[in-house]
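Undergrad: This note's numbering puts the first residue of the sequence shown at -8, with every later residue one more than the last.
Derived by calculation from the structure, the hints in this document are not laboratory data. There may be inaccurate statements among the hints.
[To be verified] The calculated lysine-lysine pairs, modelled on DSSO-like cross-linking and capped at a C-alpha distance of 27 Å, are:
{"no.": "1", "residue 1": "Lys112", "residue 2": "Lys151"}
{"no.": "2", "residue 1": "Lys144", "residue 2": "Lys127"}
{"no.": "3", "residue 1": "Lys83", "residue 2": "Lys146"}
{"no.": "4", "residue 1": "Lys117", "residue 2": "Lys151"}
{"no.": "5", "residue 1": "Lys112", "residue 2": "Lys92"}
{"no.": "6", "residue 1": "Lys72", "residue 2": "Lys113"}
{"no.": "7", "residue 1": "Lys117", "residue 2": "Lys72"}
{"no.": "8", "residue 1": "Lys112", "residue 2": "Lys127"}
{"no.": "9", "residue 1": "Lys151", "residue 2": "Lys127"}
{"no.": "10", "residue 1": "Lys105", "residue 2": "Lys92"}
{"no.": "11", "residue 1": "Lys92", "residue 2": "Lys144"}
{"no.": "12", "residue 1": "Lys146", "residue 2": "Lys127"}
{"no.": "13", "residue 1": "Lys72", "residue 2": "Lys127"}
{"no.": "14", "residue 1": "Lys83", "residue 2": "Lys117"}
{"no.": "15", "residue 1": "Lys113", "residue 2": "Lys151"}
{"no.": "16", "residue 1": "Lys146", "residue 2": "Lys113"}
{"no.": "17", "residue 1": "Lys72", "residue 2": "Lys83"}
{"no.": "18", "residue 1": "Lys151", "residue 2": "Lys92"}
{"no.": "19", "residue 1": "Lys72", "residue 2": "Lys151"}
{"no.": "20", "residue 1": "Lys105", "residue 2": "Lys127"}
{"no.": "21", "residue 1": "Lys117", "residue 2": "Lys127"}
{"no.": "22", "residue 1": "Lys113", "residue 2": "Lys144"}
{"no.": "23", "residue 1": "Lys83", "residue 2": "Lys151"}
[Claimed, not checked] Label-pair restraints from in silico Cβ distances:
{"no.": "24", "residue 1": "Asp86", "residue 2": "Gly160", "range": "27 to 33 Å"}
{"no.": "25", "residue 1": "Thr88", "residue 2": "Gly119", "range": "16 to 22 Å"}
{"no.": "26", "residue 1": "Lys113", "residue 2": "Asp142", "range": "16 to 22 Å"}
{"no.": "27", "residue 1": "Leu164", "residue 2": "Asp86", "range": "15 to 21 Å"}
{"no.": "28", "residue 1": "Gly119", "residue 2": "Gly84", "range": "28 to 34 Å"}
{"no.": "29", "residue 1": "Ser163", "residue 2": "Pro133", "range": "16 to 22 Å"}
{"no.": "30", "residue 1": "Ser80", "residue 2": "Lys113", "range": "15 to 21 Å"}
{"no.": "31", "residue 1": "Ala139", "residue 2": "Asp86", "range": "29 to 35 Å"}
Glycine residues also receive a C-beta, built at the ideal position from the N, C-alpha and C atoms.
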Amino acid sequence: MMLKKRYRVMAATGLVAALLLGACSKKEEAPKAATKAAATATAAATKAATEAPKATATEAPKATATATAAAAAAPVAVTIKEFTFEVASTVKGGDVTFAAKNGGAAPHELAIIKTDAADVKKLPVKDGLLDESVNKPLGRTPQIAAGASADLKVKLEPGKYALICNVPGHYSLGMAVPITVN
């Protein structure tokens, strides 16, 4: 009698092991022989379990995995108008995308320069434009027509920068805004 009970317990344990193994493996990777063996073990264990008195099985602890996805930073919205920029004063460093929308009537551009100047509207000017030989842009959009949009993608280290419009005459009219990159 004791031997019969031992076989029932072993059969129930085999059933639980086969079910856990089957649940944890990918179907594409399971070889046919292992699948057939698991089916045979399951059938034998099921028969033994139906003949055995009710047993309680201990559920295996559930495994949880935490995946940290590198979330792409959301684009920094920039609205360009005559002769202003609407943009956050601080942005996170790294790969940054400025999503520029021209909400004005005239064409504009968006350029970014690195500068520690106290007043970004008083940088050196040459022929009505920001002197780019002194303050070379790290990136710029093409001219953006009224109502149109353009993206500017740049890699930024922490520091102080300025967004400017260097369409002829626009910088001289005050089209510059400071931003800080953290």
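Undergrad: Confirm or reject each hint.
TA: Going down the list of hints, with the structure as the test:
Only pairs whose Cα atoms come within 27 Å are accepted, and Lys112 paired with Lys151 is accepted, the gap being roughly 14 Å. Straight-line distance between C-alpha atoms of Lys144 and Lys127 comes to about 16 Å, which keeps the hinted pair within the 27 Å bound. For the hint pairing Lys83 with Lys146, the CA-to-CA distance comes to about 10 Å; that is within 27 Å, so the pair holds. At most 27 Å may separate the alpha-carbon atoms for a hinted pair to count; Lys117 and Lys151 meet this at roughly 22 Å.
Between the alpha carbons of Lys112 and Lys92 the distance comes to roughly 21 Å, so the proposed pair stays at or under 27 Å and holds. Taken as a hint, the Lys72 and Lys113 pair is honoured in the structure, with Cα atoms around 20 Å apart against an allowance of 27 Å. Of the pairs offered as hints, the one joining Lys117 and Lys72 holds, with about 23 Å between alpha carbons and a cut-off of 27 Å not exceeded. A threshold of 27 Å between alpha carbons decides the hint, and for Lys112 with Lys127 the separation of about 15 Å falls inside it, so the pair holds.
With a CA separation close to 14 Å, the supplied pair Lys151 and Lys127 stays within the 27 Å bound. Between Lys105 and Lys92 the CA atoms are separated by roughly 22 Å; this keeps the pair inside 27 Å, and the hint holds. Between the alpha carbons of Lys92 and Lys144 the distance comes to roughly 14 Å, so the proposed pair stays at or under 27 Å and holds. Straight-line distance between C-alpha atoms of Lys146 and Lys127 comes to about 15 Å, which keeps the hinted pair within the 27 Å bound.
A threshold of 27 Å between alpha carbons decides the hint, and for Lys72 with Lys127 the separation of about 23 Å falls inside it, so the pair holds. The suggested pairing of Lys83 with Lys117 is violated, with an alpha-carbon distance near 32 Å, which exceeds 27 Å. Using a Cα cut-off of 27 Å, the hinted pair Lys113 and Lys151 holds, with the two alpha carbons roughly 15 Å apart. A C-alpha spacing of about 25 Å is found between Lys146 and Lys113, which places the hinted pair at or below 27 Å, so the restraint holds.
Taken as a hint, the Lys72 and Lys83 pair is honoured in the structure, with Cα atoms around 24 Å apart against an allowance of 27 Å. A C-alpha spacing of about 23 Å is found between Lys151 and Lys92, which places the hinted pair at or below 27 Å, so the restraint holds. For the given pair, Lys72 sits about 23 Å from Lys151 by alpha-carbon distance, which is consistent with the 27 Å threshold. Between Lys105 and Lys127 the alpha-carbon distance is near 8 Å, which keeps this suggested pair within the 27 Å criterion.
In summary, the hint linking Lys117 to Lys127 is supported, as the alpha carbons are separated by about 13 Å, within the 27 Å threshold. Proximity of Lys113 to Lys144 is assessed by CA-CA distance (about 25 Å); at most 27 Å being required, the pair is judged to hold. Distance check on the hinted pair: Lys83 and Lys151 sit about 12 Å apart at the alpha-carbon level, within 27 Å; holds. Taken as a hint, the range 27 to 33 Å holds for the pair Asp86 and Gly160, whose Cβ atoms sit roughly 32 Å apart.
Under the hint 16 to 22 Å, the C-beta atoms of Thr88 and Gly119, about 29 Å apart, miss the expected range. In this structure, Lys113 and Asp142 break the distance hint of 16 to 22 Å, their C-beta atoms being roughly 29 Å apart. For Leu164 paired with Asp86, a C-beta distance near 31 Å fails the hint of 15 to 21 Å. One distance hint, 28 to 34 Å for the beta-carbon pair Gly119 and Gly84, holds here, with the actual separation near 32 Å.
Between Ser163 and Pro133 the Cβ separation comes to about 21 Å, which falls inside the hinted range of 16 to 22 Å. Distance hint check for Ser80 and Lys113: the Cβ-Cβ separation is about 18 Å, which falls inside the suggested range of 15 to 21 Å. Look at Ala139 against Asp86: about 23 Å separates their beta carbons, and that is not inside 29 to 35 Å.
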